[in-house]
Amino acid sequence: MINGLKRAAALGAATVALATGAVVGTVGTASAAPQHHPPSAASHHYQEARGHWARQWHPGFRDRHHRWHSGQWTRVWRPVHRDCHR
Numbered sequence: 001m002i003n004g005l006k007r008a009a010a011l012g013a014a015t016v017a018l019a020t021g022a023v024v025g026t027v028g029t030a031s032a033a034p035q036h037h038p039p040s041a042a043s044h045h046y047q048e049a050r051g052h053w054a055r056q057w058h059p060g061f062r063d064r065h066h067r068w069h070s071g072q073w074t075r076v077w078r079p080v081h082r083d084c085h086r
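FYI, the numbering for the sequence shown is 1 to 86, going by the numbering used here.
If you're looking for bench data, these hints aren't it; they were derived computationally from the structure. Certain hints may be false.
[Claimed, not checked] So the derived label-pair ranges between C-beta atoms look like this:
#: 1; residue 1: Thr-20; residue 2: His-81; range: 53 to 59 Å
#: 2; residue 1: His-81; residue 2: Arg-7; range: 54 to 60 Å
#: 3; residue 1: Val-76; residue 2: Gly-21; range: 42 to 48 Å
Every residue gets a Cβ at the ideal spot worked out from N, C-alpha and C, and that includes glycine.
Could you build the full structure based on these sequences and the hints that come with them?
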């Protein structure tokens, strides 16, 4: 029984040490992370691209039964996005 108590105490101490190390490591990396300061709005040249349907080629393939499925074109929706040109 005493060995069980010793084992439980050692396991508890190890768990606390690992948790403390994880918290300290997270705080250290968060404070050392570079701060993002975007440049002024005058230097940005954004171009809005509307959403549109585009064609995408899916190449042919052979399935697990060794049957050939030919390639095909499908229509894919490209959502609205912003292109930034500096």
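*Using the beta carbons of Val-76 and Gly-21, state whether their distance is inside 42 to 48 Å or not.*
Cβ of Val-76 to Cβ of Gly-21: about 46 Å, so the range 42 to 48 Å holds.
*asked:* Quick check on a hinted range of 54 to 60 Å for His-81 and Arg-7, using CB atoms only.
replied: holds, 57 Å
*Evaluate the given range 53 to 59 Å for the C-beta pair formed by Thr-20 and His-81.*
violated, 43 Å
Checked against the numbered hints given earlier, the structure breaks only hint 1 and satisfies all the rest.
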